[in-house]
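The task is simple: from the sequences and hints, build the whole structure.
First to last, the protein sequences are chains A and B.
Read in the working numbering, the first sequence has 32 at position 32, and its numbers run on one by one without any break.
Read in the working numbering, the second sequence has 4 at position 4, and its numbers run on one by one without any break.
Source of the hints: derived by calculation from the structure; they are not laboratory data.
The beta-carbon is built from N, C-alpha and C at its ideal position, and this holds for glycine as well.
Here are a few chain A residues that sit away from chain B, every Cβ distance over 12 Å (derived from the structure):
| no. | residue |
| --- | --- |
| 1 | V11 |
| 2 | K29 |
| 3 | R172 |
| 4 | F174 |
Each computed DMTMM-like pair below joins lysine to aspartate or glutamate, with the alpha-carbon atoms no more than 25 Å apart:
| no. | chain 1 | residue 1 | chain 2 | residue 2 |
| --- | --- | --- | --- | --- |
| 5 | B | K2 | A | E114 |
| 6 | A | K77 | A | E6 |
| 7 | A | K77 | A | E96 |
| 8 | B | K88 | B | D73 |
| 9 | B | K2 | A | D91 |
| 10 | B | K2 | A | D90 |
| 11 | A | K223 | A | E26 |
| 12 | A | K74 | B | D3 |
| 13 | B | K51 | B | D73 |
| 14 | A | K110 | A | E96 |
| 15 | A | K111 | B | E8 |
| 16 | B | K210 | A | E71 |
| 17 | B | K358 | A | E71 |
| 18 | A | K77 | B | E195 |
| 19 | B | K133 | B | E81 |
| 20 | A | K131 | B | D15 |
| 21 | B | K210 | A | D90 |
| 22 | A | K85 | B | E195 |
| 23 | B | K10 | A | D90 |
| 24 | B | K84 | B | E158 |
| 25 | B | K133 | B | E158 |
| 26 | B | K331 | B | E341 |
| 27 | A | K13 | A | D209 |
| 28 | A | K184 | A | D216 |
| 29 | A | K77 | A | E153 |
| 30 | A | K141 | A | E96 |
| 31 | A | K240 | A | D196 |
| 32 | A | K118 | B | D3 |
| 33 | B | K359 | A | E71 |
| 34 | B | K108 | B | D54 |
| 35 | A | K111 | B | D3 |
| 36 | A | K141 | B | E195 |
| 37 | A | K113 | B | D3 |
| 38 | A | K141 | A | D176 |
| 39 | A | K141 | B | D15 |
| 40 | A | K131 | A | E96 |
Here is how the chains run, residue by residue.
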Amino acid sequence: METVVEVKNLVKKFGNFVANDNLTFEVKKGEIFGFLGANGAGKTTAIKILCGLSTPTSGELNIAGFNIYTEREKIKKNIGYMSQKFSLYDDLTIAENIKFYGGIYGLSLKKIKEKTIKYIEALNLEQYTKKMVAELPLGIKQKLAFMVSVIHEPKIVFLDEPTSGVDPITRRQFWDMIYNEANKGTTIFVTTHYMDEAEYCNRISIMVDGKIEALDTPANLKKTFNSNNMENVFIQLARKATRID
Amino acid sequence: MKDFIIKEFKQIFRDYRSMVILFGIPIAQVLLFGFALTMDLNDVHFAVLDKSKDEYSKKIVDKINSSDYFILDQNLNSESEITKIFEKGIVKEVIVFESNFTENFIKKGTANLQIIADASDPNTANMLVNYTKAIVDNFQQTIVTENSLKGIVIPQIEFKYNSELKSVFMFVPGIITIILMLVSAMMTSISIAREKELGTMEILLVSPIKPIQIIVGKVLPYVLLSFINFMVILILSFWVFGMPMDGNMFLLLVEAVLYIVMSLALGIFISTVSNSQQTAMLLSMFALLLPTILLSGFIFPIENMPQILQILSNIMPSKWFIIIVKSIMLKQGSFIDVWKETLILISFTVFFIVLSIKKFKIRL
Chain A
1 METVVEVKNL VKKFGNFVAN DNLTFEVKKG EIFGFLGANG AGKTTAIKIL
51 CGLSTPTSGE LNIAGFNIYT EREKIKKNIG YMSQKFSLYD DLTIAENIKF
101 YGGIYGLSLK KIKEKTIKYI EALNLEQYTK KMVAELPLGI KQKLAFMVSV
151 IHEPKIVFLD EPTSGVDPIT RRQFWDMIYN EANKGTTIFV TTHYMDEAEY
201 CNRISIMVDG KIEALDTPAN LKKTFNSNNM ENVFIQLARK ATRID
Chain B
1 MKDFIIKEFK QIFRDYRSMV ILFGIPIAQV LLFGFALTMD LNDVHFAVLD
51 KSKDEYSKKI VDKINSSDYF ILDQNLNSES EITKIFEKGI VKEVIVFESN
101 FTENFIKKGT ANLQIIADAS DPNTANMLVN YTKAIVDNFQ QTIVTENSLK
151 GIVIPQIEFK YNSELKSVFM FVPGIITIIL MLVSAMMTSI SIAREKELGT
201 MEILLVSPIK PIQIIVGKVL PYVLLSFINF MVILILSFWV FGMPMDGNMF
251 LLLVEAVLYI VMSLALGIFI STVSNSQQTA MLLSMFALLL PTILLSGFIF
301 PIENMPQILQ ILSNIMPSKW FIIIVKSIML KQGSFIDVWK ETLILISFTV
351 FFIVLSIKKF KIRL
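Quick look at the structure:
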């Protein structure tokens with residue numbers, strides 16, 4: 001299996017504060033990799049470094065086969081990103097949003113049109129096409145944001161708490177979309193606070209105080225920590241935290 | 001890039017608040033200043049010191065008196081009365097005819113009259129004088145054509161109490177400067193801060209689009225809109241105030257574009273240090289707009305400021321732009337007269353662009 005994310009000894013310091021303490025992990029092609037941790041554990045810092053929004057203090061990183069220090073432009077073409085905050089433009093219509101994001105990734109007009117039709121059909125948005133995104137329900141917005149984040153068919157997509165504030169049904173549908181994308185060979189790197197979502201991942205890492213404390217499949221983690229659900233595993237680990245958020 | 005600009009335009013036009021700031025405020029300001037300062041020129045009282053009391057001088061007085069703008073207050077008998085009557089404050093203009101006015105006109109071909117205006121309200125004074133001149137000109141034309149004479153009336157103009165007419169039209173260059181600063185700097189800083197606040201900036205930075213493309217894409221629509229704004233203000237000030245437009249308009253436009261780009265660079269710089277739209281707005285208001293209004297020489301003459309503020313005023317880009325606009329619009333200055341100020345503006349522009357690009361990269 002091809003390795004799409006390769007992180008060796010990643011350290012990120014803000015002054016004396018060590019946000020990421022010597023992280024080492026790998027993510028394979030088509031894998032759904034869950035990135036868990038309590039608030040302030042250093043997840044967002046790590047995901048920002050992987051996306052190129054922030055530079056590491058030290059460490060070796062390869063994303064989609066490219067070096068993070070020297071081949072940043074190539075990385076950018078091969079990754080998608082969906083942030084905690086809603087990332088579409090409220091004052092543009094669905095089609096305009098798709099066109100804009102397609103445009104900045106250099107997609108051809110023909111391709112953008114194809115995608116637009118596909119997305120609108122997939123989300124049953126026919127009656128919303130002329131409306132501003134602001135008028136859409138949150139769940140649909142989030143699904144649309146996810147589709148837009150993979151519009152350029154990236155090798156890997158980073159989702160930073162994509163389902164926060166969404167109802168359980170929509171979350172379920174959202175995860176169906178994630179599986180669909182993963183089946184096409186896209187690697188999914190996802191952070192979440194929902195433990196049931198953690199179970200959907202192929203492998204998960206749990207961060208505590210800037211370190212990765214556990215990294216395995218959900219089944220193995222449950223076995224190791226001798227509990228029957230992920231929530232229990234998470235709490236056992238997160239209790240060790242000495243940092244106060 | 002193209003997509004970026006299209007998107008930006010759509011967002012600007014859909015956001016009624018930005019449309020109000022972009023076009024509503026400038027127009028309202030210009031009109032406000034226009035009507036506050038352009039007093040009603042109906043029935044302005046004037047006095048006459050007629051040393052000849054002959055045919056033409058009487059005809060001119062009648063003509064002025066019969067226009068809607070003027071009312072003859074009284075006839076004066078000596079020069080010494082002129083100051084007195086002005087001091088009473090009702091008479092705003094005195095017209096003095098030389099002796100033998102008609103004879104001089106017919107025989108010598110030139111007749112002199114003097115228009116003395118109370119320039120304590122410089123804008124009104126200037127308009128009064130222009131109206132009077134127009135009436136006199138008109139009279140001269142009719143006489144010349146009717147009687148096939150070759151005479152001309154030479155009006156001498158004197159402004160009393162504010163002889164250099166210091167603040168006449170001063171506020172138009174000032175208001176152009178302030179509005180361009182407001183629109184350009186504030187609008188760009190807010191629009192970039194909005195992308196940051198909403199989280200879309202992160203998505204843009206993760207994408208292959210380069211920071212410089214983001215900046216240019218953000219700024220270009222505002223360059224265009226600010227330029228249109230500038231034209232609107234110019235046209236309005238021409239209509240509402242009769243602002244002279246004899247200067248080199250092309251030079252003025254080029255300087256305006258330079259100033260707009262400078263303000264936009266400043267706006268980008270502000271946005272790099274603010275994370276929310278509110279911060280950007282407050283920063284533009286207090287760190288930019290107030291000093292601009294107070295220190296640029298727009299309202300308070302720089303010469304009258306304490307030394308330290310005079311020195312401080314030099315770092316106000318708007319001060320230099322006001323000088324340029326005044327020089328071009330009011331003194332028909334050419335590039336040679338404003339090259340120094342232009343150079344200073346260019347330096348400011350380069351400085352802010354370099355600073356904000358550096359900051360922009362570090363910040364996100």
